[in-house]
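Asker: Line by line, the protein sequences give chains A and B.
Heads up, the first sequence is in this note's numbering, so the first residue is 1 and it goes up one at a time.
Heads up, the second sequence is in this note's numbering, so the first residue is 1 and it goes up one at a time.
Think of the hints as simulated: they come from the structure by calculation, not from any bench.
Being a predicted model, the structure only gives us computed values, none of them experimental.
Where is the CB? At the ideal position from N, CA and C, for every residue including glycine.
Just so you know, not all the hints are guaranteed correct.
[What the hints assert, rightly or not] Just so you have them, the derived chain A footprint on chain B, three or more residues with Cβ under 8 angstroms:
#1 203-214
#2 248-262
[Claimed, not checked] Derived DEER-like restraints, expressed as beta-carbon distance ranges:
#3 Pro161(B) - Glu243(A): 51 to 61 angstroms
#4 Thr247(A) - Ala250(B): 18 to 28 angstroms
#5 Gly94(A) - Arg74(B): 46 to 56 angstroms
Spelled out from the first residue to the last, the chains are:
2 protein chains.
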Amino acid sequence: MAKLLECALNFSEGRREGVINDVAGAAQGVRVLDVSSDEDHNRTVLTFVGLPEAVAEAAFDVSAKAVELIDMNRHRGEHPRMGAVDVVPFVPVGEARMEEAIATARRVGQRLGEELGIPVYLYEEAATCPERRNLADVRRGQYEGLPEKLAAPEWKPDFGPDHPHPTAGATAVGARIYLVAYNVNLGTSQMEIAKAIARAVRARTGGLRNVKALGVTLKERNLVQVTMNVVDPFHTPLYRVMELVRTESARYGVPVVGSEIVGLVPLSVILDSVRYYLQLEDFGDDQVLEARLWGEQ
Amino acid sequence: MAKLLECALNFSEGRREGVINDVAGAAQGVRVLDVSSDEDHNRTVLTFVGLPEAVAEAAFDVSAKAVELIDMNRHRGEHPRMGAVDVVPFVPVGEARMEEAIATARRVGQRLGEELGIPVYLYEEAATCPERRNLADVRRGQYEGLPEKLAAPEWKPDFGPDHPHPTAGATAVGARIYLVAYNVNLGTSQMEIAKAIARAVRARTGGLRNVKALGVTLKERNLVQVTMNVVDPFHTPLYRVMELVRTESARYGVPVVGSEIVGLVPLSVILDSVRYYLQLEDFGDDQVLEARLWGEQ
Chain A
1 MAKLLECALN
11 FSEGRREGVI
21 NDVAGAAQGV
31 RVLDVSSDED
41 HNRTVLTFVG
51 LPEAVAEAAF
61 DVSAKAVELI
71 DMNRHRGEHP
81 RMGAVDVVPF
91 VPVGEARMEE
101 AIATARRVGQ
111 RLGEELGIPV
121 YLYEEAATCP
131 ERRNLADVRR
141 GQYEGLPEKL
151 AAPEWKPDFG
161 PDHPHPTAGA
171 TAVGARIYLV
181 AYNVNLGTSQ
191 MEIAKAIARA
201 VRARTGGLRN
211 VKALGVTLKE
221 RNLVQVTMNV
231 VDPFHTPLYR
241 VMELVRTESA
251 RYGVPVVGSE
261 IVGLVPLSVI
271 LDSVRYYLQL
281 EDFGDDQVLE
291 ARLWGEQ
Chain B
1 MAKLLECALN
11 FSEGRREGVI
21 NDVAGAAQGV
31 RVLDVSSDED
41 HNRTVLTFVG
51 LPEAVAEAAF
61 DVSAKAVELI
71 DMNRHRGEHP
81 RMGAVDVVPF
91 VPVGEARMEE
101 AIATARRVGQ
111 RLGEELGIPV
121 YLYEEAATCP
131 ERRNLADVRR
141 GQYEGLPEKL
151 AAPEWKPDFG
161 PDHPHPTAGA
171 TAVGARIYLV
181 AYNVNLGTSQ
191 MEIAKAIARA
201 VRARTGGLRN
211 VKALGVTLKE
221 RNLVQVTMNV
231 VDPFHTPLYR
241 VMELVRTESA
251 RYGVPVVGSE
261 IVGLVPLSVI
271 LDSVRYYLQL
281 EDFGDDQVLE
291 ARLWGEQ
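Sequences are here, hints too, so could you generate the full structure?
Answerer: Right, dumping it as structure tokens:
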């Protein structure tokens with residue numbers, strides 16, 4: 001496969017279809033793989049892939065459109081956010097290497113800062129210091145906390161002005177390996193339970209390595225959700241995450257009622273979980289018919 | 001995708017590597033997707049795909065080589081068999097329709113009968129009467145029972161002579177939808193338990209629709225196995241089969257120690273089981289990254 005980059009750009013609109021379409025529509029010259037909007041989160045993940053230069057161009061154009069159409073002063077949603085363009089991660093796919101993704105993150109971050117006047121923090125593999133690797137730390141305080149954050153010397157942005165944009169907040173731009181956005185819905189409306197399970201499963205507070213988790217409410221369905229990012233699904237497989245959520249929720253007599261993978265997921269990640277549940281011995285990725293038919297083209 | 005046929009040719013050699021390679025090597029002008037040999041079964045499944053005419057040609061050439069090299073008078077193995085070339089099924093893939101697979105089965109069956117002197121029974125969708133649809137019925141009596149079977153008027157073969165070939169037995173040639181060969185290994189060496197579980201899970205004796213099952217011994221590992229064909233994995237998913245095997249084996253205090261899928265399996269079949277075990281809501285086949293990258297080429 002060619003040297004491709006994937007960009008899973010998160011922007012802060014998940015309710016107004018016209019805005020979502022206009023922002024997503026700004027991605028040209030790349031293959032748009034997925035547009036996943038969440039009304040409770042009031043957030044959309046736009047996933048596109050292509051050669052590095054085309055992906056960088058599209059990421060900038062989408063960001064410019066989001067900045068134009070989204071006013072963060074009016075934004076409410078279940079998911080933490082600090083900007084109209086909240087997160088712009090670049091992921092190496094195929095034969096691309098991490099260095100290519102990091103370089104692209106730096107270039108796009110600089111353009112957002114200089115051309116759109118957005119304060120930009122580089123995170124994960126592109127981070128300029130250890131304190132900025134973790135997205136949760138970069139985003140802490142959210143949009144409302146930006147005036148204070150940007151005034152602090154240790155949070156001087158990597159690009160752009162050190163004061164908030166009047167409507168668009170700040171943006172995190174980075175490079176990382178494939179992440180899986182995985183949400184588990186619980187059969188209860190009690191937020192405290194979702195928070196407790198998130199605390200139990202996330203790495204930072206004593207749970208599984210590579211898991212970030214939050215408890216959120218799904219108002220429409222009168223349920224709560226553990227919303228997670230599995231930042232290295234190749235080492236921490238989805239089944240292990242699900243089984244731990246099941247174990248922890250059993251304590252409260254609360255069932256898992258459903259789950260969702262947001263956006264795309266590599267085949268090998270799916271297969272790792274199938275291998276576990278079906279106790280498969282020696283099942284190769286290349287035993288999937290379509291993988292054999294396409295992979296050899 | 002083009003109109004392709006897949007052929008999962010089963011021949012009766014699973015131990016002698018030289019013979020396996022020579023027989024499999026006779027498949028030219030097609031894409032060989034998989035060669036799965038089983039020493040206990042003393043059987044190999046050779047899976048190849050291509051345009052219908054090329055697949056028909058390759059199926060004949062592989063059969064001719066198997067007839068040349070395999071002497072059924074010496075054949076011992078755990079899996080029921082009646083011929084050096086035991087089963088030749090054609091499966092429509094991509095945009096091919098069942099009619100194409102049936103026509104190909106008839107043409108190849110005729111060639112095996114006329115050019116190699118092999119008695120041939122058409123089965124499944126290509127069957128010439130209801131009694132011959134089911135492979136188990138066609139194969140009953142195995143190689144050793146062929147002299148008697150071929151003498152009976154109701155088992156006059158569809159092609160070829162109505163007496164056994166001196167060394168190659170008889171062959172079943174047919175057309176069917178995608179079948180998954182799925183074996184489950186049990187933590188016991190007691191054959192009676194494997195047979196009981198096979199009886200419980202197979203359709204014919206009170207189990208799941210679309211499941212054929214037998215109990216066999218894995219001598220090398222001192223275990224027994226429930227070897228199955230799931231003849232319609234799109235309606236009867238693998239997780240349902242596995243869960244029933246687990247339920248039935250629990251009665252004996254016998255654990256499932258592993259399982260295997262032999263040959264290839266369509267992506268949608270894998271995803272059906274992942275959806276069940278991870279309780280996924282609305283997970284599309286096209287959320288698999290590689291499916292999106294390849295499918296749009």
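Asker: Now tell me if each hint is right for this structure.
Answerer: Here's how the hints hold up against the structure:
{"no.": "1", "hint": "203-214", "verdict": "violated (count 0)"}
{"no.": "2", "hint": "248-262", "verdict": "holds (count 6)"}
{"no.": "3", "hint": "Pro161(B) - Glu243(A): 51 to 61 angstroms", "verdict": "holds, 58 angstroms"}
{"no.": "4", "hint": "Thr247(A) - Ala250(B): 18 to 28 angstroms", "verdict": "holds, 21 angstroms"}
{"no.": "5", "hint": "Gly94(A) - Arg74(B): 46 to 56 angstroms", "verdict": "holds, 49 angstroms"}
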